[in-house]
Structure formats: C-alpha cells, structure tokens
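These protein sequence lines are chains A and B, in that order. So that you can map any letter, position 101 of the first sequence is 101 in full-length UniProt numbering, and since no number is skipped, the others follow by simple counting. So that you can map any letter, position 197 of the second sequence is 197 in full-length UniProt numbering, and since no number is skipped, the others follow by simple counting.
In short, the hints are calculated from the structure, not lab data. For every residue, glycine included, the Cβ atom is placed at its ideal position computed from N, Cα and C. Mixed in with the good hints there might be a few duds.
Pairwise CB distance ranges (calculated) [as the list claims (entries may be wrong)]:
| hint | chain 1 | residue 1 | chain 2 | residue 2 | range |
| --- | --- | --- | --- | --- | --- |
| 1 | B | 83 | A | 130 | 36 to 42 Å |
| 2 | B | 155 | A | 241 | 55 to 61 Å |
| 3 | B | 83 | A | 109 | 50 to 56 Å |
| 4 | B | 47 | A | 52 | 38 to 44 Å |
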Amino acid sequence: MLKVENVKKAFGPATVLDGVDLTVNPGEVVSILGSSGSGKSTLIRCINGLEKLDAGRITVDDFDVSRPKELAEARKRSGTVFQLFNLYPHLTALHNITLAPIEVLKRSRAEAEAEGRALLASVGMGDRADAYPAQLSGGQRQRVGICRALAMKPRYLLLDEVTSALDPEMTAEVLAILARLAASGTTMVFVTHEIEFARQISHRIVFLEKGVLLVDLPTKQFFSADGGLAQPRVAQFLSKMRKD
Amino acid sequence: MRFAEFTPFDLVLLAQGLGVTIGLFLVTSLIGLLVGVLWGVVRFYRVPILMQLVTFVSEILKNSPVLVQLFLVFFGFPAFFHLNVTPVQAAIVTLSANTAAFVYVIAVSSIESIGRDQIEAARVFGLSRWQVLRLVIAPQAAAFSIGPLTALLVNQLQVTSLISVIGVMDLAKIGATLNLRTLKPFVVWTAVGILYYLTAKLVATLGARLERRLRAHSAFRCL
Ligand SMILES: Nc1ncnc2c1ncn2[C@@H]1O[C@H](COP(=O)(O)OP(=O)(O)O)[C@@H](O)[C@H]1O
Ligand SMILES: [Mg+2]
C-alpha cells in the first residue's frame with residue numbers, strides 16, 4: 001500500500017501541499033487531476049523522495065520516505081515516469097533502461113539487457129535499442145522512459161503528466177501503452193490532463209486544488225452530478241478542460 | 001669551439017630543454033588535473049569547510065600572476081619556513097597548483113552543465129550520489145570539458161616558460177643561454193618558438209581527437 005498522510009509542503013512562504021491524504025492499494029489506478037500549479041508534481045516528488053516533507057508521512061509498503069535508511073527500499077518499490085522524459089543523453093535507449101537494474105538491483109548485464117530488449121519490443125521499439133535519446137522522437141523517448149521505470153519492476157508506477165510534452169499522435173501511442181499496463185493490473189498513480197483517458201483507465205480519481213485534495217472518489221462517482229461534479233471547482237475545471 | 005658560433009651540440013641542448021619543458025608540462029598537468037577534479041568532487045559533495053577552502057585557494061591562484069606565485073614558492077616560503085626548495089620542485093608545485101585552479105573551474109562548470117532532471121531520475125531509480133557522479137555526470141562532463149581543458153593545457157604549456165627565470169633548464173632557458181653565447185636572437189628565438197608551437201599543436205590535436213572520440217558515443221552532436 002502507498003500511503004500519504006497529512007502531508008504538508010511549502011516553498012518559502014507559498015504552501016504547496018496543505019495536509020494531503022491519499023491511499024493507493026496494489027492493483028489500483030488512481031488519477032490525479034487539478035489545474036496547473038495545484039501541487040500535483042510536488043506530491044509525486046514527495047512520494048519518490050525528491051522533496052522533503054514539512055509535515056506528515058509517506059510510506060510505500062510501510063517504508064517511510066522521510067527516513068534516509070528506508071528511502072532506498074521505498075524507491076525500489078516505486079518507479080517514476082517524468083513529464084520531460086529525463087533520459088540520460090549519453091546512454092542508448094537500452095542502456096537507459098539497464099543502468100539502474102545493473103547498478104542498484106545488481107542484476108547481471110546479460111540478464112538486464114535481455115529484459116530491456118524485451119521491454120523495448122513490447123512498446124514497439126525493438127529496433128531502436130541502440131539509438132541515443134537525441135535520435136528518438138518525443139513519443140519514442142517517453143516509451144523508453146516507461147520501459148526504464150518498468151525495468152525496476154516497481155509495485156507502484158508514478159506518472160507525472162507523461163504526455164503533456166507530446167503532440168496528439170505521440171500522445172496516443174504512449175496512452176495506448178499505459179492502457180495496456182492498466183489493464184494488466186499495474187498499480188498507477190497517474191497525474192494527467194487527459195480527462196477522458198483517465199476516466200477510461202482509473203479506478204479512482206482525486207482532485208487537487210491549491211494543495212488540498214478536494215475530492216477522492218471512484219471514477220464513476222467522480223463524474224456523476226451528485227458526486228465530483230457537485231463540487232463547483234471540479235465542475236468548472238472539467239468544463240474548462242473539455243473546451244480546450 | 002668558437003664562442004659565437006652554433007655547434008651541432010646546440011641541437012642536443014635544445015632537445016634537452018624541450019624534454020625538460022615537456023616533462024614538467026606532463027607532470028604538472030597530470031597533478032593539476034587530478035587535484036582540480038578532486039576539488040570539483042569536494043564541491044559536488046558540498047563538503048563543509050573543505051569546499052570553502054578549495055574555492056578560496058582557487059580564487060587566489062587564478063587571480064595572481066604565475067610569476068609572483070613562483071617567486072613566493074621559490075624565494076618566499078623557503079625563507080619564511082627555512083626550507084630547501086630546488087627550482088624544479090618550485091616549478092612543479094607552482095605549475096600544478098595553477099593548473100589545478102583552472103581545472104577546478106572547468107570541472108565545476110562541466111558538472112553544473114549536466115541537467116538536474118537526469119540526475120533526479122537517476123536518484124529516483126536508486127543510484128547513490130557516487131554512482132550518479134560516476135555513471136551519469138562524469139561521462140558527460142568529460143565530453144563537455146575536453147575543449148576547455150585542451151585550451152587550458154595549451155596555455156599552461158606556454159606558461160611553463162616562466163620557470164626559466166628561477167633557473168630551471170627548460171626550453172626557454174636554453175634559448176636564453178644560446179642567445180647569450182651566439183648573439184643571434186632572431187635565429188635562436190625563432191627555433192625556440194617553433195618548438196613551442198609544434199608541441200602546443202600536438203597537444204591541441206590530441207585533445208581534438210579525444211573530444212571526437214568521447215562525443216562519438218553520445219548523440220548530442222548538436223542534433
Ligand atoms: N522547487 C520549487 N521552488 C519554489 N516553488 C516551487 C518549486 N516547485 C514547485 N513550486 C511551486 O509550487 C506550486 C505547485 O507546483 P507543482 O507541484 O509543479 O504544480 P502542478 O504540477 O500541479 O502544476 C507552483 O506554484 C510552483 O510554482
Ligand atoms: Mg506538474
């Protein structure tokens with residue numbers, strides 16, 4: 001279980017997360033919606049240990065990310081896919097994927113590379129294993145980013161607006177992969193602006209507004225008039241997103 | 001042997017001077033590279049106190065004339081601390097420290113040129129700070145820094161000529177000796193200049209070749 005309890009985070013005078021509670025059970029797909037600046041990325045960065053919490057607690061399978069000794073274990077259990085891919089530019093697609101399995105999980109190179117190639121093939125990039133990130137399209141880079149996270153066999157996949165830097169065609173190819181992952185039971189925390197897609201794949205949807213989790217409902221209820229839409233801010237957000 | 005004439009032995013003298021220059025250049029470059037990179041690592045780990053010390057020392061070395069540093073090491077410190085320092089020792093200490101100061105600057109800027117985003121990705125996937133430095137930062141920083149490092153070393157080769165003033169028998173000092181004896185400054189300094197030039201050219205060529213090799217593996221060749 002991934003548990004966020006009463007987490008607070010401020011940058012200087014600006015409170016960015018103001019007492020967030022969130023629980024994600026294994027097998028669940030939870031989408032996080034919210035307007036730009038509402039604190040979605042910061043929440044993800046708190047979960048994977050890139051930001052220190054000011055208050056509260058985050059545990060990944062009972063490993064507390066705020067305890068330096070437990071952070072490594074917590075990080076082994078979650079895998080992050082980044083908005084801007086964050087690939088290592090000096091390594092090929094394959095070596096981007098195998099770096100952490102070899103160095104952190106101490107897998108043998110041969111084993112890690114065989115798995116890396118299989119992952120690349122599974123996202124339709126079997127022939128691009130030896131290409132460098134600069135030689136790949138945005139959609140291809142993000143597919144490598146997904147493979148890199150999956151290669152660590154994470155229990156929880158954290159995705160922060162992974163398609164917002166992509167054009168519609170590339171977005172579609174990446175979403176297709178995520179849909180498959182969701183269908184195969186991968187646990188996901190999915191920050192997105194793709195409302196329709198979130199609706200299709202999520203078990204639950206939460207809505208973040210100015211650092212507060214306003215709504216946390218099963219998908220169907222989130223989109224029903226007496227559920228999520230009863231919240232004026234949610235209704236406003238959804239109608240604005242649909243117009244764009 | 002008439003005093004004012006060149007003899008075939010002068011070629012041997014020139015070769016010896018060139019040997020001393022290249023030898024000192026190689027030794028001080030190597031020490032300077034190691035020390036400068038080590039200082040860069042100290043800064044990367046933000047080691048308290050040591051980090052401030054390194055910045056301070058490098059600032060002083062960069063912003064004062066090498067000749068003054070050389071005099072301080074050869075005349076100043078020995079007089080003050082009652083030490084015995086040979087010209088070659090003084091030359092090695094001064095040139096190494098000076099190279100280290102500039103290597104440090106290049107190391108810091110190369111490390112900082114590596115995007116935060118990939119470093120964060122590596123951390124999230126569980127790599128330690130040392131693994132990030134070794135596997136993500138260093139290979140890219142090396143490719144990035146080869147250009148400035150080559151320029152630095154070419155310059156440091158010329159700077160070695162300063163050590164002739166404290167009596168090291170390097171190429172410049174041999175030039176001065178031959179000039180005094182033959183009174184043919186044009187011939188002597190042209191020959192000496194050409195030897196410096198050829199050595200510098202060699203350093204630049206090797207640097208460019210290494211750079212091409214390091215960057216061949218990474219595709220950020222301005223795509
Ligand atoms: N490192 C930081 N320093 C200062 N302010 C930050 C930092 N990171 C995020 N913020 C601020 O926190 C707020 C929430 O940011 P973010 O979590 O990126 O929102 P979202 O991902 O929902 O768009 C924004 O106002 C942003 O400017
Ligand atoms: Mg964001």
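Against the structure, the hints:
A hinted range of 36 to 42 Å is violated for the C-beta pair residue 83 of chain B and residue 130 of chain A, which are about 58 Å apart. For the pair residue 155 of chain B and residue 241 of chain A, the beta carbons lie near 58 Å from each other, so the given range of 55 to 61 Å is met. Distance hint for residue 83 of chain B and residue 109 of chain A: a CB-CB separation of about 52 Å, consistent with the stated range 50 to 56 Å. About 21 Å separates the C-beta atoms of residue 47 of chain B and residue 52 of chain A, a value inconsistent with the hinted range of 38 to 44 Å.
Hint violations for this structure: numbers 1 and 4, all remaining hints satisfied.
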